[in-house]
Amino acid sequence: MNVVEISNLAKTYGDVVALRDVSLTVPCGSRFGFLGPNGAGKSTTLRILLGLLRASGGSANVFGLDAWSESTEIRRRLAYLSGDARLYDGMTGIALLRFVDRARGGGGWREATRLCDRFELAAHRKIRGYSKGMRQKLAIIQTLMHKPDLLILDEPTSGLDPLMQQALYDELRAVTDEGRTVLFSSHTLSEVEQLCDRVAIVRSGRIVESGTTDSLRERALRRVVLKRSGGFPETLAVPDGMTIRSRQDGTMTGTWSGSVDPLVRWLSDLKLDDVSISPPSLEDLFATYYREEGNGGG
Amino acid sequence: MNLALFNKTLRDHWIFILGGSFLMGLFVVVFMFATNSLPMEQTKVWLDVPWIKSLITSLMGSDISSVMTPSGMATFSFTHPVMLAIMIALVFSIASGSLVGEIDRGTIDLLASLPISRSRIYTSVSLALLCCGPLMCVSLWCGAAIGRKLTGQSEIDLGQLVLVAVQFFFVFAFLCGMALGVSAMCSRRVVAITICFGVVLYAFTVNVLSAFWPALKYISYSSFFRYYAPLKIVESHSVQWDSVAVLSIAGAVFWMAGLIVFRRRDFPST
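Residue numbers (our numbering), protein chains in the order written: chain C, 1 to 298; chain L, 1001 to 1270.
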């Protein structure tokens, strides 16, 4: 069962196209990573799901309900953390959590207390005096405290130190262990790779890749570095899948896509001094799209 | 209505609400002291100056020389520009801070992600703002009662001032409707406040100029000040219900327009 179903979603602001023809599904119980560079359309998509923005075309459904016309009903079952968590500066952390608890109808206070301890937040202080990291912790706590069925997090680790990032990852894993769903937007690839089981990559308002993290990683390129005394002949034949990036002073670098069997067979004939093959990462896949965009490919 | 948001709105602005209401009451007391210390003959001499007479008539809604009584003079404090400025500043501050202010500060993301419909957000803020009205009216009336006691002007009819305070409430309600409507349509607080003050400036200018320039008489119907005439209440001993109806309808139209836009608009990220 899918918690989120987006089909041919479009959003324009006058002549500016923010999203075009975006389609994706988020299965129940998954940790779904939504990747893309700044300005790619991640936040716009999430804001449409929340009913903060009205789509110009296509459809967006959450829990089978229309994201615009039934957004209040949807918001009873989800929580959202915006990318730039702005809070009420005049309140204390406790006052904010109480306000959110009451506005949601109560029942989240015990969990809020646990989370304050977990994230080591001094919630009695005025938010005005909080550091960026403390604000982020408070925003995370108010998002998690009601145990929503769907968590939509827009770059949630921004401002958190590594220990707190790990604490957040643990909480999010616990969320999905309970059968709830996390939709997680980020431009930090390592955390998506570490945390998410499914990923979609958005670029220039379009989904360019989508699938499980493992399947996307398989499609990512491996970086290959070869070293050979005496250098490599200019006429060296390379197998399909190998792309030479540079040759210099007996060192050749390139990328490899596909199964590694042909690569290993080819390397065994080369009489190399050293070889390095890095594992495929989403970063490489992401960088490929990012580079294309930078070259005007968007 | 969402009670948590209603309480939050009041809590966010409680200093303004209590401070503003206190200032209004204090102003009435001070004004009554000031007018009491002036000889009535001196006041009559001033009111014989044509432009002063026209100006005060435009503010009071009637010729004050015909109601030169202590009650008539006391009502002037209820329509004094300083008094109106305090009330207007208070209304615009709360209305803009609660709707467009949320968008401007970026806190609308938190608010709009809660399971509160946009209509409920709008009505909760509106009711919180409207609740300030009776406090202001009571503060005005208490100021008059204290002023009466301290200056020994026992001829002042406090019952008539209750009626003036009731009419004052409807001016307040109109301004709330307008300010909330404008606030719901804007994305920048400074823009909303500028528009609201523009409307007030227009209304005040038209109202005052129409006293000197008869050609503006017909345009003066578009000024909300025209529908706040405390002296007429003193003369007739009743609230001007036709003016109340105009203020209520105009305020409701602005408010409804704001509600419709607020329910349908985008909340872009800031």
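Hints in this document: simulated from the structure, not taken from any laboratory. Just so it is clear, CB atoms sit at the ideal spot from N, CA and C, and this is done for glycine as well. Heads up, a few of these hints could be off.
To be verified - Okay, the calculated bits of chain L under chain C, using three or more residues with CB under 8 Å as the criterion:
no. : stretch
1   : 1074–1088
2   : 1099–1110
3   : 1214–1220
What the hints assert, rightly or not - Here are the computed lysine to any residue pairs in the SDA-like style, where the Cα-Cα straight-line distance is at most 25 Å:
no. : chain 1 : residue 1 : chain 2 : residue 2
4   : L       : K1232     : L       : S1093
5   : C       : K147      : L       : A1004
6   : L       : K1044     : L       : F1006
7   : C       : K227      : C       : W266
8   : C       : K227      : C       : T251
9   : C       : K147      : L       : F1027
10  : C       : K126      : L       : I1017
11  : L       : K1232     : L       : D1012
12  : C       : K132      : L       : R1105
13  : C       : K126      : L       : A1004
14  : C       : K126      : L       : G1106
15  : C       : K147      : L       : P1115
16  : C       : K126      : L       : K1232
17  : C       : K126      : L       : D1104
18  : C       : K126      : L       : P1081
19  : C       : K132      : L       : K1217
20  : C       : K132      : C       : D177
21  : C       : K126      : L       : T1035
22  : C       : K147      : L       : P1070
23  : C       : K132      : L       : F1027
24  : C       : K132      : L       : R1118
25  : C       : K126      : L       : L1003
26  : C       : K147      : L       : L1010
27  : C       : K132      : L       : V1162
28  : C       : K126      : L       : W1014
29  : C       : K147      : C       : D177
30  : C       : K147      : L       : G1019
31  : C       : K126      : L       : F1027
32  : L       : K1217     : L       : Y1202
33  : C       : K147      : L       : R1226
34  : C       : K126      : L       : Y1202
35  : C       : K126      : L       : A1252
36  : C       : K132      : L       : T1035
37  : C       : K132      : L       : S1269
38  : C       : K126      : L       : L1010
We went through each hint and held it up to the structure:
1. 1074–1088: violated (count 0)
2. 1099–1110: holds (count 6)
3. 1214–1220: Three-residue rule not met by the stretch 1214–1220 of chain L, so violated; n is 0.
4. K1232(L) <-> S1093(L): This hinted pair is violated, its Cα atoms lying about 30 Å apart.
5. K147(C) <-> A1004(L): holds (20 Å)
6. K1044(L) <-> F1006(L): Violated. K1044(L) to F1006(L) sits at ~48 Å, over the 25 Å cutoff.
7. K227(C) <-> W266(C): Holds: K227(C) and W266(C) sit about 14 Å apart, inside 25 Å.
8. K227(C) <-> T251(C): Between K227(C) and T251(C) the Cα gap is close to 5 Å, so the pair holds against 25 Å.
9. K147(C) <-> F1027(L): Not satisfied, since the Cα-Cα distance of roughly 52 Å exceeds 25 Å.
10. K126(C) <-> I1017(L): holds (22 Å)
11. K1232(L) <-> D1012(L): violated (37 Å)
12. K132(C) <-> R1105(L): holds (16 Å)
13. K126(C) <-> A1004(L): holds (19 Å)
14. K126(C) <-> G1106(L): The given pair, whose Cα atoms are some 18 Å apart, holds under the 25 Å limit.
15. K147(C) <-> P1115(L): Between K147(C) and P1115(L) the Cα gap is close to 14 Å, so the pair holds against 25 Å.
16. K126(C) <-> K1232(L): Status violated; Cα separation ~50 Å.
17. K126(C) <-> D1104(L): holds (21 Å)
18. K126(C) <-> P1081(L): Cα-Cα ~37 Å, so violated.
19. K132(C) <-> K1217(L): violated (57 Å)
20. K132(C) <-> D177(C): violated (29 Å)
21. K126(C) <-> T1035(L): violated (46 Å)
22. K147(C) <-> P1070(L): violated (65 Å)
23. K132(C) <-> F1027(L): violated (44 Å)
24. K132(C) <-> R1118(L): violated (29 Å)
25. K126(C) <-> L1003(L): holds (23 Å)
26. K147(C) <-> L1010(L): Given that 25 Å is the threshold and the Cα spacing comes to 29 Å, the pair is violated.
27. K132(C) <-> V1162(L): Violated, at about 52 Å.
28. K126(C) <-> W1014(L): Status holds; Cα separation ~17 Å.
29. K147(C) <-> D177(C): Holds, at about 12 Å.
30. K147(C) <-> G1019(L): violated (41 Å)
31. K126(C) <-> F1027(L): violated (34 Å)
32. K1217(L) <-> Y1202(L): The hint holds at about 14 Å.
33. K147(C) <-> R1226(L): violated (55 Å)
34. K126(C) <-> Y1202(L): Not OK: K126(C) and Y1202(L) at ~41 Å, beyond 25 Å, violated.
35. K126(C) <-> A1252(L): violated (37 Å)
36. K132(C) <-> T1035(L): violated (55 Å)
37. K132(C) <-> S1269(L): holds (19 Å)
38. K126(C) <-> L1010(L): With Cα atoms ~18 Å apart, K126(C) and L1010(L) stay inside 25 Å; holds.
In this structure, the hints that do not hold are numbers 1, 3, 4, 6, 9, 11, 16, 18, 19, 20, 21, 22, 23, 24, 26, 27, 30, 31, 33, 34, 35, 36, in rising order.
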